[in-house]
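Taken in sequence, the protein lines are chains A and B.
So that you can map any letter, position 280 of the first sequence is 279 in numbering that gives the first Met the number 0, and since no number is skipped, the others follow by simple counting.
So that you can map any letter, position 224 of the second sequence is 223 in numbering that gives the first Met the number 0, and since no number is skipped, the others follow by simple counting.
For the record, the hints were derived by calculation from the structure and aren't laboratory data.
The reader is advised that the hints may include incorrect statements.
[Stated by the list, open to error] Pulled a few chain A residues facing chain B out of the computed Cβ check, cut under 8 Å: (1) A100; (2) K101; (3) D102; (4) S171; (5) F172; (6) L177; (7) A178; (8) L179; (9) A181; (10) T182; (11) Q185.
We treat Cβ as the ideally placed atom computed from N, Cα and C, and that holds for glycine.
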Amino acid sequence: MAFGTPSPSHKSKKLSQSIAFFVFRLLSFSVVAILLVILGFILVQGISVISWEFLTQMPREGMTEGGILPAIVGTLWLVVGSMLFAFPIGVLSGIYINEYAKDSWLKRFVKLMTNNLAGVPSIVFGLFGMTLFVNQLGFGDSILAGSLTLGLLALPVVIRTTEEALKSIDNSFRVGSLALGATKWQTTSRVVLPMAFPNIITGLILSIGRVSGETAPILFTVAAYFLPKLPNSIFDQVMALPYHLYVISTSGTNIEASRAMAYGTAFVLIVIVLLVNLLANWLRRYYGKKVKMN
Amino acid sequence: MNSVETKDVHLYYGDFHALKGITMAMRKNQVTAFIGPSGCGKSTYLRCFNRMNDLIDGVKIEGDILIDGVDIYKTNIQVDDLRKHVGMVFQKPNPFPKSIFENVAYGLRVNGTKDKQFIEERVERSLQQAALWDEVKDKLKKSAFELSGGQQQRLCIARALAIEPSVLLMDEPASALDPLSTAKIEELIHQLKENYTIVIVTHNMQQAGRVSDHTAFFYLGELVEYAKTKTIFTNPKDQRTQNYITGRFG
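Turn these sequences into a full structure, and let the hints guide you.
See the structure below:
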């Protein structure tokens, strides 16, 4: 057949390609669509209760009136506390595993255990946290115990992200630095870490999103059913958004009356997680640019 | 005078015997080229001189390597001191994701220099030595990644020169560059040998012919022949050298 005239086989090739691309596109759009439907549903149901009062007041009338301030504050405390624990330990562990540890059975064992830790159900973390932090160490139901438990949950994620971020840095940068007489630590801190920083930050912030939505780990370690006051110290109990949502949806004083409040709480929780993710994105871009300029 | 001297150097990657008893000396302020087919051990040998092979697990080295008279595998040698003394330029340009200025200043900073004026002077001088100053003097604060590949490689040379090594190792420094950039690098090598001892690994035999005073031919982990570059290319003694330079294998 002459070059330039489309053959029948060409037509069928084109057709199967179009079908395949159509299916792929449909599937990836449907993922977005599901997310939008969830967000839209919660927005529609919950928007009516969102007000300045809802965000800044204590719950009243058996949690059917008033606001969710203590739960918002409690969740912020827990997020900050757990990250203060998980960031340094996780990042340093990730650096050790990727930059320093020689390839040995010990390193493989540590990596395997880290992965296993990531797969442990969150309720198990909750029970562990209760046994160790609440009872054995005597912290009681407190921000401290809850933060440590949530921190443990976030740890494998932080370690893995740090590790992956470091792994993606081409070895030629390390070799180039060492060849100039830099020590391994100088190489890591001045060349490798700044390059990996945007990706590490992203991982860290995504783990914040995870932690702020967890219910099981705080169930036995910190979360209060109803506590209309703000905490004074890390040994106080607090309310938290995910647990509050659970309470007013399943075991509140009047579930029907607090239905709208529940959607409002879900809405606030989702907005916090989305804001955190947007922040992650922005930081990654900001530092991504800065790293190249310096 | 000899700048680098090795006696009966053997190197093993695990069970693999990569260098088989290499004894040779490289003269001060001269350019010595290592040629040979891929896997012949020339790069591995070069990396012994600044102990970059230490970074690879399972490497064992036997024999003596003396740089300016000092046995560099003796236990009291600090590897970072050695690497200040023996600079290295790699095959692929590998500037850091920092500004042009900071790339050149890096070696000074990690070795503890704090004097701002001294660093500025040294950066300028190194960039001049690397024939890059005129092209970058107005954009020292710009990212090194904005430079072309050839400029990046000269930046890496400037970076190595900034800490005033006495020996400069170049591992196929022009193999990732276009012909014009390659010519610039070769011209640079000519100028640099006044102040530095240069050892260059190259796959390009014309390049070895153009830039080096002495050439060593490696094959299967052995040093087959080492002589004046002219002699190697016009009148090689060993049949294997002859075969390689005439292109019968490689």
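Quick rundown of the hints versus the structure:
no.	hint	result
1	A100	violated, 12 Å
2	K101	holds, 6 Å
3	D102	holds, 7 Å
4	S171	holds, 4 Å
5	F172	holds, 6 Å
6	L177	holds, 7 Å
7	A178	holds, 4 Å
8	L179	holds, 4 Å
9	A181	holds, 4 Å
10	T182	holds, 6 Å
11	Q185	holds, 5 Å
Consistency with the previously given hints fails for number 1 only.
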